[in-house]
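On the provided structure of chain A, position chain B as indicated by the hints.
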Amino acid sequence: MTSHRDGAQLAVISHRFEAIVRRMSNTLARSGRSGVLNTARDFSCCILTAEGSVLMTGQSPPIHVMGGPDLQAQAMRQFYPSVKAGDAFLHNSPYHGNTHAADHSILVPVVDSHGRHRFTVLAKAHQADCGNSVPTTYMASARDIYEEGALIFPVVQVQQDYTDREDILRMCEMRIRVPEQWRGDYLAVIGSARIGERALLQLGEEIGWDSLDEFAAAWLDYSEARMAATIRALPAGGAITSTCHDPFPHVPEGVSIQASVTVRPEDGIIEVDLCDNPDCVPSGLNLSEASSRTAALIGIFNSIDPTIPHNQGSFRRVRVHLRENCVVGIPRHPASCSVATTNLANRVGNLVQRAMAEIGEGIGMAEVGSGMSPAEAVVSGIDRRAGKQAFVNQIFTGTNGGAGGPATDGWLTMDDLGSGGTLLLDSVEIDELKQPIIIHKRQIAPDSEGAGRHRGAPGIDVEYGPHEGELEAIYANDGSVNPMMGARGGHAGARSAQFKRERSGTLVGLDICGPVRIADGERIVARTSGGGGYGAPETRDREAVADDVREGWISIARAIDIYRVAIDATGAVDHVATDVLRAQATTSGKNQL
Amino acid sequence: MASDEPLRLSVDIGGTFTDLVIEEAGELRLFKSPTVPHDPVQGILDVLRMAAQGCGTSLAGLLGRAQTFSHATTRGLNAVLTGNTARTAFLTTEGHRDILLLREGGRRKPFDFTVPFPAPYVPRSLTFEVPERIAASGKVLHALDAAALEVVCDQVQRAEVAAVAVCLLWATINPAHELRVAEALERRLPDVPYTLSHRLNPSLREYRRASSASIDASLKPLMSAYIAELTARLQEAGLTGRILMVTSMGGVMDAKDAAAAPIVTLNSGPAMAPVAGKAYATADLGADTVIVADAGGTTYDVTLVRRGEIPSTRSAWVGEEGIGHMTGLPSIDVKSVGAGGGSIAWVDAGGLLHVGPQSAGSVPGPACYGRGGTAATVTDAVLVLGYLDPLSFANGSMTLDLDAAMDAITRQVAAPLGLDVIAAANAVLELTTEQMVRAIEEITLQQGIDPARAVLVGGGGAAGINAAAVARRLGSRHLIMPAVGAALAAAGALMSDLTAVFSATVPALTTAFDAERVNAALAQLRAQCTAFAMRIGADPKDAAITLFAEARYPQQIWELEVPLRYPAFATRADMDRFIEDFHATHREILGISDERSAVEIVSWSARARIALGRSSALLTARAPEPAAISSRRAYVRGSGLVDVPVRPLATILPGETITGPVLVESPFTTIVVADRSTVELGRSGSILIRPIHTAQEEREAA
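Heads up: the protein sequence lines correspond to chains A and B, in order.
Going by the numbering used here, the first sequence opens with residue 1, and the numbers climb by one from there.
Going by the numbering used here, the second sequence opens with residue 1, and the numbers climb by one from there.
Check each hint, because a few of them may be wrong.
Derived, one-sided and incomplete: chain B residues facing chain A with beta-carbon distance under 8 Å [unchecked claim]: (1) Arg108; (2) Phe111; (3) Leu204; (4) Trp317; (5) His354; (6) Pro357; (7) Tyr553; (8) Ile557.
Rather than coming from a laboratory, the hints here were simulated on the basis of the structure.
Where is the CB? At the ideal position from N, CA and C, for every residue including glycine.
Here chain A stands alone, though its shape is the one from the complex (with noise of 0.2 Å):
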């Protein structure tokens, strides 16, 4: 092996680390315990340099590993500047690179056999609980730090000489809701970090350590050329576009945001600048830095071609501008981030994949559906099918709807853009087994999908309630106020919304945030956010929407409405009658949102 620099050894040895990212989250989606770790998917594994940054990659939710895992491993270098073999280091604080409080992640140095540290582990999983004051894990309510009231380890060692240090879990122990969850989870990541680390010391000992040296530097290089070629041929320009998360506790107005987008294709450079927005708010919405400059990429790396490879390489090429004490920047000590993941970042990466949209035909992307709905809320009671028993647990039972593209309609279990879509959807069965509780419905919501030529996906009607007894349900939703708008003239997703039945049959609205309570005989009825629409409706393929019609998705009347189709009593597509609907569209229909 002379130089990795070559095109078909640099092939074989990325797939060597492919595969040991691969081999840690196996291990870690099949041997963890909670709902959100196994169910969710809410976890991530990614290989580091010995200096910080990521090399590789796997199958996550993209929130996870993009503009966080480097900060955290920067982090570990500072407080930590002689590793030993054996180290292990528990890191969940925002302020030092971490997504949120809930995310605990493990970091496991990779110290060769002359105890030089050649590579660092990280494997990331949201826990059932961290200990805040409140039981759910993402508390949108929590004025500062302090009222969130999580366990902050900001790089805390917790395995010395492959051994736990058995204060520090004690400590969890004391102040996590559900212990036995948590140990087992806990087991489930550092086992995973352990495989990876033991991969690559194989690697390491067969390969050789300054080969793999050269190949993580060689692999860097050929992913920032992918991307800079990339960039280069994307149309120059700019956009900025705005939108407003919707009215939370202790922020009444919402939060009203923006995004400024630039593609430089002479420089290979994509500027993203989140500076102009506000300061952090007395609420858990404030993006960590983390999530700030993840979500800002997931909606650059959404937009263009899916096989540039997802490291450090290809984000040298993407510049995203953040300020201090922003809310969609980089927090100051004690703001809390306790929904940093979710609701300010999806909507910051919408913003982005909106205005790479604008910029272009054929790349960027419409809105994702966004917020956490009581469809995927935190549910709570006392279980008395055998004897009387506490439970507590996140059900995910229906998904907000993805955006429409240059290439597809929207994906329908996409759930939100900080996902990806990787999250499971709950079996019914599994559901009413594990609690109380009787899903009544879960089914598409017709005409709920943001119009387009690519179409949003739409949202999903979930109705459930307890089985004799009575339930809380927490939850922090988005998108009831302000909806997922569409891109290059595609229209926005329909509202997410949430209701209480009445005993009686009637529907009474609930508030965006839980929690609530319902009681036996009652339920909720929840919409999730349908996705927004690529392109104009009425330039849709007649086919598409026909078939759109027959399967149920829309109504005859939205066919004919929004998108201009008009249907025989077959079914089929009448093609004169739209001949002549499409031709009033284009003279009459332009300033239709």
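Relative to the frame of chain A, chain B by itself:
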């Protein structure tokens, strides 16, 4: 073969070839003839005629001596993949119309927005809601509305469907409502076949059950017709023996049972390879942990044997994981990757080499086929490296164009990488090897097997090219290339048993264990196994019954299969042993265990296995006609193109040890040993290779 010695026949229909393996007195012979896509039974009769001729007898003479005829077909699978199944209606609980549409969520490639959301297996327009509801306890919350059911039947009639699938929530706990629907369907649509989810697949999770039922129902018209036609034409040609269909669980079942639940045969293709792999690893090396790699023209299928058992999975997909459809039923765990001779090698804009995922298939095929293909493929690289004889490809049925291969590799790989053509071809092969290794590492990890400690068995027409390199990369001590390796699946069917699987959803927790209820379920499962044995005309005493629990730690979502040591939980000690077994299995497969935790059992299952005749006996291959030893210019790592001896399989004598480099040729495949690994003949006639692992070993061998 002009005796009246009874024969057993096995036919495996693949995309390109129909393979026939004949067993006579413990000896196997292999025949291959082109598949006839529009009339697969014709392809079967063709290969049978070819064999009859080879044996000096008539077709009727051959078939008249056959005791059994085992058959694996991808007919059902292809119908599902291409959407050519029957028009099927789906009936489900009111409010849950989108069970098949939503699947279980999960997107595999988060940044790739070029893949559309997949369509449901049965369209929404053919999905009908039945007003009814049963709770997790089995209690009826909302009685089935009989009048509404009649209206649903009216709608189904108007929809002119050829099959109906029924999946109601909690039918596994209380089947009353599904049975009421069945009664209505039989009365209202007497000629339309239907499948009830609780009968076919009594397991938790409505999507998987609904998917099982829908796939099964949609295959019924097609597979009943196929099996009826197959039976009639074979009997007309002289067959009097039993016709058996291969199942996705690596067993066989009577053809009429397969017609009643055709989904059970869906993934029969790769399911037999581990059965054969297990037999050869036992016969040649006495090994019980095996990796079986079956290399075809377009896919590379990896299966396993763990301590003598072939692991199965309940999360098998038809089509691509995440966007295909889940079968929901247990099937042999297979990892398939699109790596084959047709995979295309290319270099991207950043100068990185890729192999696949695009494939040139067999039409137009690799550049060297001379059928108009211009893409550089793995087969082209293999030819450039001298591993294939251009004049005797596929038993001499085809001539390969070396110049076209050189040209394609030069233009599409060597030039952009700045390498010479040989180095470029070798790079393509190395990357292919890496992809195969990755597939093996993934499945072995999932099943808790250390690949370096397992025996690797190579099968399939393209296996010989990479198998030795893959074994070296995995650190395997032994590689077995069975003499019938080119038809491993067909041979496996002759070594398999009659099998059936039954399961029961009786959730249980070890800390609050209702032994009476569980024991009743286990007794019921055993009774089902006994009934199965009697139905197929076997003595129930000959049925080997194994009971399993599908268990996990509470709150986990993946179950692990743990065999039960006892037929029932009689004492506390039985429970403790089971709990210990679970922790040990969890540790083995996932690397950790949580001794402090309770264990939750999601379902119980029983597997019945009834040995067929000589299936467990050692099967050796009849040696082909000997040919002369020759040599060919071929690539050897570290030496470049050199003269490498070519040894026809029949020239290798028992007890002889050959040190590589060497090319071993049999009529249907070439085994490449491009380093100083050693080669010898196994007891069954297989080729045994001991790979060299390190440069030091290489020097020592030299």
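Against the structure, the hints:
1. Arg108: Result: holds, 7 Å to nearest chain A Cβ.
2. Phe111: 4 Å, holds
3. Leu204: Given a least distance of 5 Å, the restraint on leucine 204 of chain B holds.
4. Trp317: Since the shortest Cβ distance to chain A is 14 Å, the answer is violated.
5. His354: With a closest approach of 7 Å, the histidine 354 of chain B hint holds.
6. Pro357: 11 Å, violated
7. Tyr553: 6 Å, holds
8. Ile557: 5 Å, holds
In summary, the numbered hints that this structure violates are 4, 6.
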